[in-house]
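K.L.:
Residue-level listing of the chains:
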Amino acid sequence: MQIYLNGEEKQIPANLDMAGLIGLLELTGQRIAVEVNEELVPRSSFEGHPIKANDRVEIIHAVGGG
Amino acid sequence: MPSVAAEQTPATPLNNQFPKTDIDRSMPNEIHNDSFSVAGREFTSRLLVGTGKYKDMQETRDAIDTSGAEIVTIAVRRTNIGQNKDEPNILEVLPPSEFTYLPNTAGCFDAQTAVRTCRLARELLDGHNLVKLEVLGDEKTLFPDVVQTLQAAEELINDGFDVMVYTNDDPIMAKRLEEMGCVAVMPLAAPIGSGLGIRNRLNIRTIVENAKVPILVDAGVGTASDAAVAMELGCDGVLMNTAIAAAQNPVLMASAMKKAIQAGREAYLAGRMPAKRFASASSPVDGLFF
Chain P
224 MQIYLNGEEK
234 QIPANLDMAG
244 LIGLLELTGQ
254 RIAVEVNEEL
264 VPRSSFEGHP
274 IKANDRVEII
284 HAVGGG
Chain Z
45 MPSVAAEQTP
55 ATPLNNQFPK
65 TDIDRSMPNE
75 IHNDSFSVAG
85 REFTSRLLVG
95 TGKYKDMQET
105 RDAIDTSGAE
115 IVTIAVRRTN
125 IGQNKDEPNI
135 LEVLPPSEFT
145 YLPNTAGCFD
155 AQTAVRTCRL
165 ARELLDGHNL
175 VKLEVLGDEK
185 TLFPDVVQTL
195 QAAEELINDG
205 FDVMVYTNDD
215 PIMAKRLEEM
225 GCVAVMPLAA
235 PIGSGLGIRN
245 RLNIRTIVEN
255 AKVPILVDAG
265 VGTASDAAVA
275 MELGCDGVLM
285 NTAIAAAQNP
295 VLMASAMKKA
305 IQAGREAYLA
315 GRMPAKRFAS
325 ASSPVDGLFF
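Chains as they are written, first to last, in our numbering: chain P, 224 to 289; chain Z, 45 to 334.
In isolation and in its complexed conformation, chain P is listed as follows:
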């Protein structure tokens, strides 16, 4: 199944939830925040949040900035 992950096409297994995707990316436990199709997905909802084909997933973290 294809999704757009941080702006790039990515193939992922079907029936993956957000917690599964985060695990696949080895980001479990990292300080990140996620939105899908421009809507925030709270960390508390990762478990069981379905990912659909062509979802636009953004995973962000904090960086230095002014």
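For the record, the hints were derived by calculation from the structure and aren't laboratory data. In this text, all values refer to a predicted model and were calculated from it rather than measured experimentally. Backbone N, C-alpha and C fix where the C-beta goes; we use that ideal spot for every residue, glycine too. Mixed in with the good hints, there may be bad ones.
[Unchecked claim] If you want the footprint, here are the derived chain P segments under chain Z, 3+ residues with CB under 8 Å:
#1 226-236
#2 239-246
#3 270-277
[Said to hold, decoys possible] A partial selection of chain Z residues facing chain P, derived with a Cβ cut-off under 8 Å:
#4 79
#5 104
#6 121
#7 133
#8 150
[Said to hold, decoys possible] Derived, one-sided and incomplete: chain P residues facing chain Z with beta-carbon distance under 7 Å:
#9 256
#10 263
#11 265
#12 289
Knowing the structure of chain P, use the given hints to seat chain Z on it.
P.N.:
Chain Z only, in chain P's frame:
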């Protein structure tokens, strides 16, 4: 709080001969407890710093420690998936136990992306709701788009954010943003990263005089005297990044900025002498022996 020395020194007869004036002499001779409050949070330092553009994380930490800043801005960006796994994160270098984060919306050119960015930041920081809103107008000037800024501010305030807002040095817009409920208004001194100093002192002064919320100069400071001028104009604080990070020696500049903020603040509280066009002799005219 008056200094201990002033409290313990008994008034001498000579001191009593000084005429009373309407000048507030209760002001302490040194400022020990001049805290600054925004959105119900109290801070000692009036210097707020950005965390971008440093050579590395060590320099970031060293400069920010030296600056004495308690509030640090951060940005939110896409994670580098699969890259730099061992690179220290800014939140580990500047932990929340020591600093108050001010996530920004740098890079946003419309209200909606700014609002999305703030929501992501709040989630990232476990519900922390203090944000720096900036909605930019164009790449060349990075001047704020005030129409988009107003829209974003309204949406964020309605969503429970405490909004510190970057805006033009425009007294009308500053007042409008305050009336909407922004917790601090942050007019630019000059374009972001330009180091040009305060381009319109009169406007900054007017903004300060009109305001009931903290006013902080944000962006455009180049060197220590610029920061001192902002404080002498009565600003509650100054937010800067490039002026420190792009100095030849950022840690030394951080030290200079800390002192400039304190000096400017004390000069403002002390009340400067009126400027005069012509001279006024400092030594007595009476008693000349020639």
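K.L.:
What hint numbers does the structure not satisfy?
P.N.:
2, 3 and 4
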